[in-house]
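Engineer: For reference, the chains in residue letters:
2 protein chains.
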Amino acid sequence: MTTLGEKATRQHTRDVNLRLVLRLIYELGAVSRADLARLTNLTRTTVSDVVGELIERGLVIETGLATGGGIGRTPMLLSVAEWSRPVAAISVNADSVEGALVSLRGNVGRRISRSIQGQTGADALNTLQETLDELIQTANQPLLGIGVTTPGLINASSGMIVRAVGLEWADLPLGQLLHERYGLPVKVVNDSQCLALAEHLFGEWRGVANLVVLKIGKGVGAGIVLNGQLYAGEGFGAGEIGHLAFTANGLLCKCGNRGCLETVLGSDALLHQARTAIAANPNSILAAYASDLSLGRIAEGAAMGDPVAQHVITTAAAATGAAVATIISLLSVRHVLITGRITAFGETFAELVRREVAQRALPALVRDTEIRLAPAPTITPLIGAAAPVLTGELGLIRLHRREEHVDA
Amino acid sequence: MTTLGEKATRQHTRDVNLRLVLRLIYELGAVSRADLARLTNLTRTTVSDVVGELIERGLVIETGLATGGGIGRTPMLLSVAEWSRPVAAISVNADSVEGALVSLRGNVGRRISRSIQGQTGADALNTLQETLDELIQTANQPLLGIGVTTPGLINASSGMIVRAVGLEWADLPLGQLLHERYGLPVKVVNDSQCLALAEHLFGEWRGVANLVVLKIGKGVGAGIVLNGQLYAGEGFGAGEIGHLAFTANGLLCKCGNRGCLETVLGSDALLHQARTAIAANPNSILAAYASDLSLGRIAEGAAMGDPVAQHVITTAAAATGAAVATIISLLSVRHVLITGRITAFGETFAELVRREVAQRALPALVRDTEIRLAPAPTITPLIGAAAPVLTGELGLIRLHRREEHVDA
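Same order as they appear, the protein sequences are chains A and B. No gaps in the numbering here: position 31 of the first sequence is 31 in the UniProt record's numbering, and each next residue is one more. No gaps in the numbering here: position 8 of the second sequence is 8 in the UniProt record's numbering, and each next residue is one more.
In short, the hints are calculated from the structure, not lab data. Warning: the hint list may mix true and false statements.
As the list claims (entries may be wrong) - Across the chosen pairs, the derived CB separations fall in these ranges:
(1) R10/B - E56/A: 34 to 40 Å
(2) A34/A - E62/B: 54 to 60 Å
(3) E53/A - T13/B: 52 to 58 Å
(4) T13/B - P363/A: 42 to 48 Å
(5) Q11/B - P75/A: 48 to 54 Å
(6) T314/B - H272/A: 54 to 60 Å
(7) G228/A - A290/B: 24 to 30 Å
(8) Q11/B - E53/A: 48 to 54 Å
(9) Q229/B - E370/A: 24 to 30 Å
(10) A287/B - T314/A: 49 to 55 Å
Beta carbons are placed, not taken as given, at the ideal position from N, Cα and C, and that holds for glycine.
Extracted from the complex, chain A is given alone in its bound form (with noise of 0.2 Å):
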């Protein structure tokens, strides 16, 4: 007799088993299923049924024979079939929705771009569904899944957006609205934790257990990876730094609160600042662009003296510095990266957040970490809302992606 606990744990060895063979077919790019068998100590039949589940589900494709020789019949490759379901992947920002089908390998394809300038509510909503619509068209493939990142507090699990304030979202199930809408599995999460994740999967630090990614955009957020793993926090709100209060009586936020970190450090309030202080010293360089300002032309200016830039950086580095402090002092990581429109600012500005936290936390805990700028422009926000489908549905710990840049 089986009893249903057997029957679980066999359902439960042949997910372990599945996932054990595609991450090796992964990660060694072609293989056979002999060297699979002596490789996972698996019985030859066990991973001849693996693999045909694998080829079944359009995930793994036999690529040809081995060359080379050896007695006895020549070996079929296998190889991962990188575009048989790619993600449809959506990244909502302040100004744009953005949107590109990306490989199993974490690569992206063709993208698409929509404005949701002045849109919030319903109107951001809309524009979201039909970019989704417009990418999903494009596709030849079966999609394995919908990845959305966005801001604001979203319940990962429920898929439903909490509260993101920029977009005026509150209590919208998001995930349940695509997944009824298109019948596909659906990851919505939050655009910071999403950024942690690509950068712990595919980033410069790729492997690097403990990171921090923090987000400096028009919104500023930080996402955590901590023993290799997103960590999301029982409120799924871990990183929710935006809205953390700054300054004692600082401006009125959206969220209802005043003096969020948002209010000080988001790029609309550092352009805010950067305009009162020109209009104050209009013999600034910065002058001629006052109707174009942009945190690029800040940094122009500040690299050419004009001292209005340079206190704006300044300020700018000494909010972030305390930012980056307390998430030193509180999680005791190592690396963290600062990414987002701040980026514009450039080394000079990251070397001024460096001294800061270097006053703001205890010098045994600053020494040994390693705070650094992202690379900008990026597609990160693009492979990061992929990755918890794949992730998700593929059971893999790590995408192993390759370097060149493979289009749909």
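Chain A is already provided as a structure; the job is to place chain B on it using the hints.
Structural biologist: Chain B only, in chain A's frame:
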């Protein structure tokens, strides 16, 4: 032929069984070998072997025959020999070294205490060792090990105190020193981290998988339990927020930086603030206690409506609220316990802290979070000191302490 891998696997299986059986005996209080076999699905022979080893190691005793009846032999009941292998637990705080033997069930036996007021460096270390000498002499049974908890940045895997600012210890290999002196297993762990572990194992929130204990005494620090495990971070400094800068251009701290949270919120800082305010307001009720001021006196003064006392408490609540808001925003935990001398400020203070947190973090995160004051005074630091030894040496994930207090 037995390979090394097989041998390791067999040893691992034996350890797993040992811990499983020991944990069941703990939890059930008194249990027979037959019951253990039934509950674990292990063979009777395996259970007998494992129980034999536990008895030989003095961890388990046969406590008598089961009463009540049935057919056949009456089974022998097994119990944990609670005081058979006590832990020598030492808790170092700013004023004293506290010591006690702690039972396998986390009960605290006879306590001893030595003052280290005014002592730092080698003097404080000497007092620690004298306390330990005296404690170990009182033990009638072989010890399971030594557990030490002190403030500071501690590498818990090597027992190295990297930096304990108040005690002026730096790169002190305390674990190694004590191991060489006493020939016992030694665990040295940060005090706030131990408090969080003790809270998770034995406290009111025992079993809660994610919690933070914020200790505010002479020093300030947090201990973090995530997913049921103490989270110390890559640099072992997780929760070291006492030396996180809190005010710009604040007071010089012993750590070398300025405006650290400890210089605002540590008990010495609070007393200093009160004394300064009393000097400026000689009509304050507190003026009568100027030479014998304590946080308890300040609480009494506030309850009697004294504005000086109320101001000190309000200021402390603002800083505490900022720290708690940071913890919630970064970690998204739902249980925060405040402990240490500041609990003398009582429930009025706690309510002010909750209000401050609500204004300083995203409402959607705050609404699900419980913030409590720990009941003081407490033996928790000593249980905390013993906890890493108990979990490390016995592999117990959760220790169930009986409610009664047992003396050694």
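Engineer: Please flag the earlier hints that this structure goes against, numbers listed from lowest up.
Structural biologist: Violated: hints 3, 5, 6, 7, 8 and 10.
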